[in-house]
Amino acid sequence: FMGHCRVQLCCPVCLQMQSLHFTVNRVKRFETSDRIRRYIFCFYFDRQPGSLTKDDVLQLKEVYKWLTHPLLSEELGVPVDGKSLFEVSVIFAHPETDGDCHFLASVCRDCFRPTKNKQSVFTRMAVVKALEKIKDDDFRQQFCLWPEAPKTACIAEEIQCSHTPVYVAGRYNKFSRNLPQTPWVIDGERKMESSVEELIAEPLTAMFKSDSFNFSSSGREDVDVRTLGYGRPFAIEVLNPHRWSCTQEEITELQQQINKSTDKIRVRDLQIVTREAVGHMKEGEEEKTKCYSALIWTQRAIERSDINFLQDMMELKLDQKTPLRVLHRRPLAVRFRVIHSMKVDYIDQHHFRLYLKTQAGTYIKEFVHGDFGRTKPNLGILMKTTVDILELDVEVRDVPFVWSVSRSTWSKKEGARWRDSRMEFQRVGAEWWQAPPDNSGMSKVGDVKQAGAC
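Under my numbering, think of the first position of the sequence shown as 1, with each following residue one higher.
Since the hints were derived computationally from the structure, they do not count as laboratory data.
Not one of these hints is a red herring.
Computed cross-link-like contacts, DMTMM-like style, restricted to lysine to aspartate or glutamate with a CA-CA straight-line distance of at most 25 Å: (1) K343 / D371; (2) K61 / D98; (3) K83 / E158; (4) K384 / D319; (5) K376 / D312; (6) K317 / E287; (7) K365 / E315; (8) K357 / E287; (9) K365 / E221; (10) K357 / E303; (11) K135 / D98.
Just so it is clear, the structure is predicted and the values come from calculations on it, not from any experiment.
All chains should be built: construct the whole structure from the sequences, respecting the hints.
This is how it looks when you write it as structure tokens:
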């Protein structure tokens, strides 16, 4: 009998694992369904005094596990663990008893509604729901006698191997003004050849041999906006990884590989985290403070004295209607935002750099040019002239939601870029503007005249 189990039940599972190239350290459990016949057994025996209860009736899947787990452990050379992150599901077919549950559809019609993604309405959850709702008289009418024993064996129709997701988090800086955060597709046509998401996720999925992934971040920047400072927090949910274990040294090597592959982004503090840590990433986004650096053009010629008054403005309250540029994907609403403080750096008669501390969610571009009066007040109203924004950088300065990885892992080139960018911020000299550790790619003020209008 054990030989039969090894051939019919164990070997197909092992072959499936090997064909999918899973790295296995433990096997968790198997799922199957014998709901109707188990319910019949409990239905009649429960109603006899001193008889068995539902807890005394073994589930078929438990018996299946008792038979197969020792065999799988022996074949794969790994222990069986009920809390393992790796799971194997075996789907059985038994045509002889498939019709046992069909009567439920006439008694509990609302439990069996067809859906586009399901081949049959008789799913496990639908049957469970119907058995919870059915009346005793209706059930007794269908099964007044004990059903006959099956004459044929069931067949393992499908074997599914899966692993719970691996979560990788870190921070990224974006130095390109022609790179979207996620793939930019409009009406089925791709607008940019790459994205921040793809530059980071593709090497990750290759390392973990994953089927797919989900990318999330704490906020997002426009395609023409750079992300400087400490870097924007992000997390990638690596789905169904065929490899699940990596050392921090391997993750650090992967980080260096990503950074060497492109000059458009830089990743730091890459590490494996828990699902709970990813949930913390978006907590309190509305309460966060954001720092920006904007290159401003003015139609009217200005002197230093014409912009110094902006530095005296504190806690400036804005009414911002949903910008026209995002109205196609966001509902029309008026959002109340606050600009906590501003600092200015005069360049020439038509250019200056504006540094802002704002409430998270403030539309900076619209604050500058006004968005046809949809943001009030705006910089044009305050300066009584037409203004526009030529460049915008977001300076991420909030406390990391992941542990910082030691700078000892940086290369000499990375360390030099950090020192150069730190000096650039210190040169501005604003007391509230403390230099962040990662601003490589920062524009120099002397390059302003070469900037094109947005």
